[in-house]
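Order-wise, the sequence lines are chains A and B.
By UniProt numbering, the letter at position 372 of the first sequence is numbered 372, and the numbering carries on one by one without gaps.
By UniProt numbering, the letter at position 227 of the second sequence is numbered 227, and the numbering carries on one by one without gaps.
Watch out, some of these pointers could steer you wrong.
Copies of the same chain look alike in the list, so a pair counts if it works inside one copy or between any two.
[Said to hold, decoys possible] Below, in silico cross-link-like pairs of lysine to aspartate or glutamate (DMTMM-like), each with a Cα-Cα straight-line distance of 20 Å or less:
1. Lys260 / Glu271
2. Lys265 / Glu289
3. Lys234 / Glu305
4. Lys99 / Glu88
It should be emphasised that the hints constitute simulated quantities derived from the structure, not laboratory data.
Protein chains: 2
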Amino acid sequence: MGARAEGEMLARTLCVSAPGKVILHGEHAVVHGKAALAVAVNLRTFLKMTPRNDGRVSVELPNIGTRLCWETAELQPLLVAFPAALTESLPPSPEQIEKLKEFAGLTDTTAATQSLATLAFLYLYLSIASKCGFLPSVAILVYSELPTGAGLGSSAAYSVCLAGALLSGCGVIGYPLEEGQAVGRWSEEELALINSWAFRGEQVIHGNPSGVDNAVGTRGGALRYQSGNICSLKSVPTLRILLTNTRVPRSTKVLVAGVKDKIMKFPAVMEPVLTSIDAISQECETVLEAMAERPSLEHYPVLEELVDINQHHLNVMGVGHSSLDKVCQVTASHGLHSKLTGAGGGGCAITLLRPDTAPSVVEAAIRDLGDCGFECWETDIGASGIRAHSLQSLKAEVLEAFGRM
Amino acid sequence: MGARAEGEMLARTLCVSAPGKVILHGEHAVVHGKAALAVAVNLRTFLKMTPRNDGRVSVELPNIGTRLCWETAELQPLLVAFPAALTESLPPSPEQIEKLKEFAGLTDTTAATQSLATLAFLYLYLSIASKCGFLPSVAILVYSELPTGAGLGSSAAYSVCLAGALLSGCGVIGYPLEEGQAVGRWSEEELALINSWAFRGEQVIHGNPSGVDNAVGTRGGALRYQSGNICSLKSVPTLRILLTNTRVPRSTKVLVAGVKDKIMKFPAVMEPVLTSIDAISQECETVLEAMAERPSLEHYPVLEELVDINQHHLNVMGVGHSSLDKVCQVTASHGLHSKLTGAGGGGCAITLLRPDTAPSVVEAAIRDLGDCGFECWETDIGASGIRAHSLQSLKAEVLEAFGRM
């Protein structure tokens, strides 16, 4: 990375990516004080930031059909509401959000996703600008492999990319890509800063997020979340999975309330189920760490059994759905093991693949899931967190998406 | 009932019936010290005992294709091995069983069911004859609505009927059917005696039975079994059910061992599941007693929810089967709730019906289950225990079966 004076804008194009997340075990139980295991899923959000020389700042978000562009001079008067000391120590205030909404002309008729993406950008841009003392004139392009609103942490991946790019671009942290390198990663300290700013972005979008999604997006791998504490697992293997979106819409709020009602109705029946799920997360964590240390096929049947058991438990909690049963049946017919991930009641499911699962089996399963009307990706969990990329090293699909913008 | 001198044979034809049993909740968990709820199912075994005047004793068991006939004089020498004091206080000894096998010419090539039914008859006949001092010359016909080997307590219903008929016939206990009555029931004290002899029959057949099946066959209703203790529920409602035999054969021993392995492998995951099942049995017992006291439709959704949860738990324990999943799916498509009953891995399932479930729904469910190749009965649980019947009061199907013999 080139040496820069403080307050100077990075003169080169900068490209970062961050992964999505899935809950491997512990969804819903986590609401009741049990552990959850969240893992990075290698469907990523890519962000390219290029210096402009026209005094403007632009953002293109083709996934959600959004293009934004302002003169930095227009933004200048807003800075007073974003003093650096404040934004670092306090969550976004209703007053700040109100100001940004007014500035961006967002009304209740603006689509929620577009509105929230705009607010998160403005919040992070102004806060970081305030910190480093200037409003950078940049063009930002964001392309994501993650569907939005599917519980896969797409908003966190977006916030992580924004935080990483803006902090690096403004020189608050370095940009870890030496000439000729394909990929670079930030230091622990820098990651902590990226994560804390990404969390602010998540607060703008979600109000009161757990911080799990941005932590996974920043650090990758896997983490345990329990009673507000987030703890990264030392080391985890990369595991092949199928990620299936049933496309059945659901309300997380309604599902969480249903589980609570069931626990209130049958406490003696339901509390042990939560205890069992907690033990599944613990057992899975132990197995993952053992796998990272000493990879062996013998761990897979254990992981599969835990997936099956937890799927039954989630059905007990009433967050199953016929579409999720279908995913389990279809994949079981190919010898594969699946569970819902996240809120349930539709939404997404994950299916474990072994390293030696034949491509023909995977293809057949994907085809059968597609025939059910589901969207299905073959990807990995335990993926890396935020990364800096050389443009040349990006896969064609991403380059093409960037080119189209 | 006529006054008889002690040691005198009842001169009239005598007819008794006893119900089968299903496990409502707690199968498998009961092996690990948790409670199980066993209920009488109104598929019954009927026994008719008629005095003969030719000095012979005969037994016809058309369900298992068995006809036995001996001279009572042939049996006389065996009595020395069945002293009344001994058989009342000790389980059948290997020597006694060996003697009976030899007498009846049973070899390892005799079908197990026939062999065991013959041994149980001879054991009870000789023990009770020894007690009352003579070998009654009677013709016994047994017809059962219960399939054998399906975990529905058919052997216990047989033993209960034999014990009730022989004890009454020999005058050890009364025969509770006054002239003109359709149905009669024995006193508590007499039931206790019938039960203890039926348990001996079960010991002949099963070696080390729990005593649950003969207790349900004798007393009917429902009982809780835990750690060797059997406790009848005060009062339970009669509930309509479908009983489905998937006809998938399974080994209870292998299934029980599988559960044990799984508990050993994941104790922290599996122990809470047993705890939850225990709570389901407790909750169900509470609901059943409330229903008996104050019948109301509002209890049914609770019973259904407990059935669904337990079915998931049994799947967690690895004793599910695709045929049982099919029963659940098919009945769910008619708005009905099912779980496996007994060992699982195939075998039988029960489906709750509400009092107001329309006949068209029941017929459609039975038809669909039949289309899957399953055998399906509409019957009741919480049925009465052993009963004496007038021949005229028997339903046509039973009379016809008796007539055919």
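Structure-based check of each hint:
1. In this assembly of identical chains, Lys260 and Glu271 lie within 20 Å of each other by CA distance solely inside one copy; the values are 11 Å within and 22 Å between copies.
2. In this homomeric assembly, Lys265 and Glu289 come within 20 Å of each other (Cα to Cα) only across copies, at 18 Å, whereas the closest approach inside a single copy is 37 Å.
3. For the identical chains of this complex, Lys234 and Glu305 are neighbours neither inside a copy (23 Å) nor across copies (41 Å), given an alpha-carbon limit of 20 Å.
4. Only within a single protomer do Lys99 and Glu88 lie at most 20 Å apart by alpha-carbon distance; the minimum there is 18 Å, versus 91 Å between protomers.
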